[in-house]
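Chains as they are written, first to last, in my numbering: chain A, 1 to 351; chain B, 1 to 351; chain C, 1 to 351.
Accuracy of the hints is not assured; some may be wrong.
[Stated by the list, open to error] Result set (DSS-like, lysine-lysine): computed pairs, CA atoms no more than 27 Å apart in a straight line:
| hint | chain 1 | residue 1 | chain 2 | residue 2 |
| --- | --- | --- | --- | --- |
| 1 | C | Lys-48 | B | Lys-346 |
| 2 | A | Lys-50 | A | Lys-82 |
| 3 | C | Lys-346 | C | Lys-326 |
| 4 | B | Lys-251 | B | Lys-290 |
| 5 | A | Lys-333 | C | Lys-82 |
| 6 | A | Lys-333 | B | Lys-20 |
| 7 | B | Lys-333 | C | Lys-325 |
| 8 | B | Lys-333 | A | Lys-326 |
| 9 | A | Lys-333 | B | Lys-327 |
| 10 | A | Lys-290 | A | Lys-326 |
| 11 | C | Lys-82 | B | Lys-287 |
| 12 | A | Lys-327 | B | Lys-287 |
| 13 | C | Lys-82 | C | Lys-48 |
| 14 | B | Lys-48 | B | Lys-20 |
| 15 | A | Lys-333 | C | Lys-346 |
| 16 | B | Lys-251 | B | Lys-287 |
[What the hints assert, rightly or not] Listed next, with one range per pair, are the computed distances between beta-carbon atoms:
| hint | chain 1 | residue 1 | chain 2 | residue 2 | range |
| --- | --- | --- | --- | --- | --- |
| 17 | A | Tyr-49 | B | Lys-326 | 34 to 44 Å |
| 18 | B | Arg-320 | A | Asp-336 | 21 to 31 Å |
| 19 | B | Pro-102 | A | Tyr-49 | 26 to 36 Å |
| 20 | C | His-117 | A | Leu-97 | 13 to 23 Å |
Please keep in mind that the hints were generated in silico from the structure rather than gathered at the bench. The beta carbon of each residue, even a glycine, is placed where N, CA and C say it ideally should be.
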Amino acid sequence: MQLAFSAAEIAVIVQPLSSKGSTSATVQGIASLSSARPGDLSFLGNPKYKTEVAATTASIVLLPPDYTGEPAPDQQFLFVEKPSVALARLCARIEQLLWPKPAPGIHPTAVIAADAHIDASATIGPMCVIEEGVVIGARTHVQAQAFIGRNARIGADCWLMPRVSVSTECVIKDRVRLQVGVIIGSDGFGYEFMQGRHEKVPQVGNVVLENDVEIGANSTLDRARFSRTVIGEGTKIDNLVQIGHNVVIGKHCLICAQAGVSGSTTIEDYVVLGGQAGIAGHLTIGKGSKVDGQTGVNSDLAPGSFVKGSPCMPYNLEQRFNVLKKKLPDLFKRVDALETVAEELKKSSAA
Amino acid sequence: MQLAFSAAEIAVIVQPLSSKGSTSATVQGIASLSSARPGDLSFLGNPKYKTEVAATTASIVLLPPDYTGEPAPDQQFLFVEKPSVALARLCARIEQLLWPKPAPGIHPTAVIAADAHIDASATIGPMCVIEEGVVIGARTHVQAQAFIGRNARIGADCWLMPRVSVSTECVIKDRVRLQVGVIIGSDGFGYEFMQGRHEKVPQVGNVVLENDVEIGANSTLDRARFSRTVIGEGTKIDNLVQIGHNVVIGKHCLICAQAGVSGSTTIEDYVVLGGQAGIAGHLTIGKGSKVDGQTGVNSDLAPGSFVKGSPCMPYNLEQRFNVLKKKLPDLFKRVDALETVAEELKKSSAA
Amino acid sequence: MQLAFSAAEIAVIVQPLSSKGSTSATVQGIASLSSARPGDLSFLGNPKYKTEVAATTASIVLLPPDYTGEPAPDQQFLFVEKPSVALARLCARIEQLLWPKPAPGIHPTAVIAADAHIDASATIGPMCVIEEGVVIGARTHVQAQAFIGRNARIGADCWLMPRVSVSTECVIKDRVRLQVGVIIGSDGFGYEFMQGRHEKVPQVGNVVLENDVEIGANSTLDRARFSRTVIGEGTKIDNLVQIGHNVVIGKHCLICAQAGVSGSTTIEDYVVLGGQAGIAGHLTIGKGSKVDGQTGVNSDLAPGSFVKGSPCMPYNLEQRFNVLKKKLPDLFKRVDALETVAEELKKSSAA
């Protein structure tokens, strides 16, 4: 998308504490300090890039208040409390241009059950299928080709992107954002082994997403065997994540891409799971714990744990092991040498 | 969903061997022993929760025949051979309420090729696309927005959930259940490296799912390079699993979430793959083998193997290593100490 | 699909250097040497199967020029420069039969914005949704139920399979092939932690797929926070792969199934990532590097690296460790023994 913000418009959006220099350029893009060209806005989000500010050719640069350099000709410095937050504010403005608020209403191609209750201020996109008893709240936007199963309830101000599927009886509260392809309420993986065959254990619970949850593209959240699979308020889940049946995740957690949580595990508030991490079933991961990428967790974690490895150990121990691992070939040689010395000493001692 | 089963109705469904106590409550939910409240049914599925039975406030509790305690007032104990099986029977009843059997017929919005043959007892949901030459068997239910490609054949009593895709020429036998977003017959990942580029090797085989196979949400099964990718009878596959081209999986296997099987590998009957396990290509995994979660398998496994780690070792050896791993910092210190002693002994021996 | 190629037709397709023997059979399938039956074509693609040629009952066998055996009665040997390439040529012919080139035009059920520009030679399948400002190039085939968001641009000769989603402003160049369920342009996973909550950082960049890129089923590619996420010319990505925001991948890379690349990482040309490999964010993976399956990369890799393990080490070191790992229980015993000897020697030395 071609952006076009004047320096004055940028100032209105980011509300700087102060500024230095000026530019006549129109901001047409955002770029990192090193790749920015005239017409771009850049920012110092991480102190390690501080030395790149002097050389950047960005027309506008967002900087922390303590930055001391001077702008180049036709370049403006805007000093803000947190450049990354100011940038986010600008991006939020751009986001509105990328996805303009749609007009309320139901696309004529959508197939809607007669008894579904869709708020008059909601928007339902083309090719959606909405079954019996579904409730959709105010200002919620369901994009194209979504599927909402019988009796599912979706709150206000949600955004369901194309091809989202919400299965029978699932509940989604307010301001929830589901990326393309998310699946809410697939069957849990439960079987009883009987007479040489795996007999299905019906999965008759549901999934509940609390307020302000976001779920990434193509992630899958299984309905409970009975009762509920729950994602707590404000928790954000990345792409291709698997959440098993009866999992309960607390508030304000971050679950990175391709992580998996097995059935009946409880994850308390403010936990962070790194990418491709795996959590076994029937565990409790204590509040504020951090699980590193690719880590495997097979036992409960106390609150505030920081773990790494598969199976995991405390982060510092695992990192210590990773250092020693490199010295292991040498250790074997040292033990070889000691055995030779011991043999000689035994001989000379016996002599 | 609001359940409402009387104690008498529950007894008809679970068919207890005997009972103790009685309740006037209507069963409105199912819950674990510790979280159950009056109006819930609970069960003792795992002996480790035995002590929780006395304190549960569930109105009805399913128990094994040898449980000896007494019910509370307005509480009924139902003794059954296997509580988990009795619960599954109740859940199967609830499942029928969640997903009532749809009426046969083709939704008017579905796009069906003129020469597709759809059994009169089958149900085809809204927005489905069914191409030329497709055959769909008796009582099969294809939910909304599914795609069935040219000449694919689907048997009787299957259930394809919304947004399932079955590609050209693939074959699905009877009683197969595919969760939302399953992809059957994507291209295998095959290229020849020629003149600095990866040239595609066309993938012209298909995928065959035998009777009673179930596949989890958003899993992907690649069509064979030529010939067939096969999933054997009764095998159950969880969510977000990747099955490569020309893989042959035997009967009654369990493949847990996010596991991946590379091309041309054979997995024999009754194998269990844990979550996020990875199997390299062109291997044979012997009958009844168990592969732990996050394990990486790079060589053939004899029947009955139980492996763990990446690359895997026999389970007991890997667990032994995981114990020794924690003692490794100490081992380095012990070798340091031995070297000091050896140095001193050499000196005193030379003296 | 029932194939039916005469020996003469096969010869026209694979163009052999020479032949031996002849067959009257019609080729109805392709199979490996050991599983082939009369009516099948087979091939010697890997020298390790050389001994299987004499016993195969395939009617036609593709062989390298230096193969010296004789065909059986009613069997034909075709000698070709590279049997696997000759087979690929045959499979390309079969592929045309599996997916015949569709007629140009827009299916009447597709919902197309008035100002979308779709080339007259393109094909748009049923139930597609194409939003405002979209451009679709010559001969591109968009299959059923795809979603193309506002202002996305798709080049010539692309093939988007069913249920592909291309989000707002994303750019796809020429001859790109996207398997079923691919998601281009989902939001990157970016949040600022403020006052106990994760506040969304809007993701307003896009994704650019250069010429000849292929992406596997249900893979997800996040749009940039700002600027672009880029997949270079000729790069092939397998199923269920996650590409984070602002990732830049070079030319002619191979990314195997279930691998994940975190945000802002640069992967240079000709890199190979094995299945389930994970690359942390903000790294550079040098040209031609190979990352083994399930490997975790936490630091930059020099060009030509070959790494394994999590966290990774050079391949040879990791493999050396994997050998020593098995000897670790023995090493502990050896150190125990040395300590006993040292104790005895100290005593006798003191005596």
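Exercise for the section: May I ask which of the numbered hints given earlier this structure violates, with the numbers listed in increasing order? Expected result: 1, 3, 5, 6, 11, 12 and 19
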